[in-house]
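Protein chains in written order, with the numbering used here: chain A, 1 to 167; chain B, 1 to 167.
If you are wondering where the hints come from, they were derived from the structure by calculation, not from laboratory data. Just to be clear, a hint being listed does not mean it is correct.
Which copy is meant is left open, because identical chains are indistinguishable; a pair holds if it fits in one copy or across any two.
Below, a list of computed lysine-lysine pairs in the BS3-like style, where the Cα atoms sit at most 25 Å apart [said to hold, decoys possible]:
hint	residue 1	residue 2
1	LYS63	LYS30
2	LYS148	LYS127
3	LYS15	LYS103
4	LYS63	LYS7
5	LYS7	LYS103
6	LYS64	LYS103
7	LYS7	LYS148
8	LYS7	LYS127
9	LYS103	LYS63
10	LYS64	LYS15
11	LYS7	LYS30
12	LYS103	LYS30
13	LYS148	LYS64
14	LYS148	LYS30
15	LYS127	LYS103
Treat the numbers as computed from the prediction; the structure is a model and nothing was measured.
Here is how the chains run, residue by residue.
2 protein chains.
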Amino acid sequence: MQSLQQKASEWSGVKQEDAFAIDDVNLFDKLGLQTFINLSTDFYTRVYDDEEEWFRSIFADSKKEDAIQNQYVQRMGGPPLYSQRKGHPALIGRHRPFPVTHKAAERWLQHMQQALDNATDIDHDSKTRMLNFFRHTAYFLVAGNDLKNESHGTPPCKHGDDKPAAV
Amino acid sequence: MQSLQQKASEWSGVKQEDAFAIDDVNLFDKLGLQTFINLSTDFYTRVYDDEEEWFRSIFADSKKEDAIQNQYVQRMGGPPLYSQRKGHPALIGRHRPFPVTHKAAERWLQHMQQALDNATDIDHDSKTRMLNFFRHTAYFLVAGNDLKNESHGTPPCKHGDDKPAAV
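Next up, chain A with everything else stripped away, as it sits in the complex (with noise of 0.2 Å):
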């Protein structure tokens, strides 16, 4: 049985060392707060003012400027500001409630794209990093979305390589 990362690499055709190159940089520090409030001003505008309902009803729920509070700058080197709000990301967990469909992660990686195309403030290298994470990141919740068709019995079943972190 696939892993959730192998699914991820597979359906999103990024390794998974080249989604977690944004490591090897630290992006926060390159390049600052503002670069990343305006890139998520950018996608959210595109999102929220997407043609789409059904993929704007993902986000109905949820107000354009609180979703703009860019919890990614944690994982790209920046302040833990996500955490200080909510706690762990816990992604596959928080993305739950939502259809994480093949079609929907394409639509938020195409509005993305055309986010990071639209930003002067980002240099080519950090932008193909960026797109790297967000595509395999994407897929890998598609990935976690499809646990949910998976039915949980009570004994621990075996699960790939998806062992849980140490915490």
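Keeping the supplied structure of chain A fixed, place chain B upon it in accordance with the hints.
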């Protein structure tokens, strides 16, 4: 409806700001990798020698040597060792195959408390920060475990304050 982190705070008795006081100090820089390896080795020795079969069985599919690989150094200011191997921690998603009950959380914490008590290379302040983090996180995962018992319809449902991180 209570959010995951509200449940974690209520059930653990640890406020969110106390749990994430690990971010006020870089514990990895302060303590060094060997200290984390020592702690993990002591902790997992206790786990794999646990007299309770139901608890040991949760870890039966992992080798002790793999379990010791210190995944939480990444969250405590260290290098991204976990992500290099496995990608996103995705704490709730990756614990999904396991029965993370109140009882299991308390037993995990009892072993960690004893391992911390036994550690002569960790100062009192760091022990307090770490135990608050582990205690809050254990109950965050108990709250995550409860999601398995909720129905999951297709349309996005109200879910307290557990909005997804902006990735």
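Right, here's what the structure says about each hint:
1. LYS63 - LYS30: neither (29 Å within a copy, 39 Å between copies)
2. LYS148 - LYS127: neither (32 Å within a copy, 37 Å between copies)
3. LYS15 - LYS103: Only inside one copy: LYS15 and LYS103 sit 20 Å apart there, 38 Å across copies, limit 25 Å.
4. LYS63 - LYS7: For LYS63 and LYS7, only the inter-copy Cα distance (23 Å) is at most 25 Å; the intra-copy one is 31 Å.
5. LYS7 - LYS103: Close inside one copy (16 Å), not across copies (33 Å); limit 25 Å.
6. LYS64 - LYS103: within (22 Å within a copy, 39 Å between copies)
7. LYS7 - LYS148: Classified as both; 15 Å inside a copy, 22 Å across copies.
8. LYS7 - LYS127: Close inside one copy (23 Å), not across copies (38 Å); limit 25 Å.
9. LYS103 - LYS63: For LYS103 and LYS63, the Cα distance is within 25 Å only inside one copy (23 Å; across copies 37 Å).
10. LYS64 - LYS15: Neither, since 32 Å and 27 Å both go past 25 Å.
11. LYS7 - LYS30: neither (31 Å within a copy, 37 Å between copies)
12. LYS103 - LYS30: neither (32 Å within a copy, 45 Å between copies)
13. LYS148 - LYS64: neither (27 Å within a copy, 29 Å between copies)
14. LYS148 - LYS30: neither (38 Å within a copy, 40 Å between copies)
15. LYS127 - LYS103: within (23 Å within a copy, 45 Å between copies)
Of the numbered hints given earlier, the model fails hints 1, 2, 10, 11, 12, 13, 14; all others are met.
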